[in-house]
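There are 2 protein chains.
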Amino acid sequence: MDEENTVFIGSKETMSYVMALLTQFNSGSDEAIIKARGRSISKAVDVAEITKNRFLKDSKITDIKTDTEKLDNEEGGTTNVSSIEITMKK
Amino acid sequence: MDEENTVFIGSKETMSYVMALLTQFNSGSDEAIIKARGRSISKAVDVAEITKNRFLKDSKITDIKTDTEKLDNEEGGTTNVSSIEITMKK
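Chains C and G, in that order, are what the protein sequence lines are. Going by our numbering, 81 is the number at position 81 of the first sequence; the sequence numbering is gapless. Going by our numbering, 2 is the number at position 2 of the second sequence; the sequence numbering is gapless.
Excised from the complex, chain C in its bound form (with noise of 0.2 Å):
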């Protein structure tokens, strides 16, 4: 799976990664992946039941993986942070 097909949840609205999901989906992807950090993650989810019980009814979670990521911090040490991988395929 490359990058191409991957949605990074960010700032924005809910909405707006339901948009770019269905674009990759749209655009010929069978598989389209999620993926977030920290506080994103809930808005991960969001994403993912949003485009499947709304947009893409025939689309499904067909995995979800969670990680620990390593930051870098201002104090020059390492923060831990969750993260999460969603797969999703129509």
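It is possible that some hints are incorrect.
As the list makes no split between identical chains, a pair holds if one copy fits it or if it spans any two.
Said to hold, decoys possible - Only pairs whose alpha carbons sit at most 25 Å apart, straight line, appear in this in silico DSS-like list of lysine-lysine:
| no. | residue 1 | residue 2 |
| --- | --- | --- |
| 1 | Lys70 | Lys60 |
| 2 | Lys89 | Lys52 |
| 3 | Lys52 | Lys12 |
| 4 | Lys70 | Lys57 |
| 5 | Lys70 | Lys52 |
| 6 | Lys89 | Lys57 |
| 7 | Lys65 | Lys35 |
| 8 | Lys90 | Lys57 |
| 9 | Lys89 | Lys65 |
| 10 | Lys60 | Lys90 |
| 11 | Lys12 | Lys89 |
| 12 | Lys60 | Lys35 |
| 13 | Lys90 | Lys52 |
| 14 | Lys57 | Lys12 |
Simulated from the structure, these hints should not be mistaken for lab results. Quantities reported herein were computed from a predicted structural model and do not represent experimental measurements.
Starting from the structure of chain C, add chain G where the hints point.
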């Protein structure tokens, strides 16, 4: 899986739920479920990741499911909210 093995994530600090999960495992359960809704979903992932990386290194996440639940709102209608269920085994 009955409710006894379940840790519901709410507004307390993350570490409170890590402790609750560890208590669950230490009381003899080989399996525990972490449940959360809405913005607490991110915290649920933190609880699972912190538990397996820092406290119970032989535990692992065996399943993650998401769903959409309908909650009654103050206007007498319903609001959709995403939920997550993370199953862990030691």
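We went through each hint and held it up to the structure:
| no. | hint | result |
| --- | --- | --- |
| 1 | Lys70 <-> Lys60 | between (30 Å within a copy, 19 Å between copies) |
| 2 | Lys89 <-> Lys52 | within (10 Å within a copy, 29 Å between copies) |
| 3 | Lys52 <-> Lys12 | within (20 Å within a copy, 31 Å between copies) |
| 4 | Lys70 <-> Lys57 | between (36 Å within a copy, 18 Å between copies) |
| 5 | Lys70 <-> Lys52 | between (31 Å within a copy, 16 Å between copies) |
| 6 | Lys89 <-> Lys57 | within (11 Å within a copy, 32 Å between copies) |
| 7 | Lys65 <-> Lys35 | both (10 Å within a copy, 16 Å between copies) |
| 8 | Lys90 <-> Lys57 | within (9 Å within a copy, 36 Å between copies) |
| 9 | Lys89 <-> Lys65 | both (15 Å within a copy, 15 Å between copies) |
| 10 | Lys60 <-> Lys90 | within (6 Å within a copy, 29 Å between copies) |
| 11 | Lys12 <-> Lys89 | within (23 Å within a copy, 35 Å between copies) |
| 12 | Lys60 <-> Lys35 | both (16 Å within a copy, 21 Å between copies) |
| 13 | Lys90 <-> Lys52 | within (9 Å within a copy, 32 Å between copies) |
| 14 | Lys57 <-> Lys12 | within (24 Å within a copy, 35 Å between copies) |
Against the hints set out earlier in the document, no violation occurs for any number.
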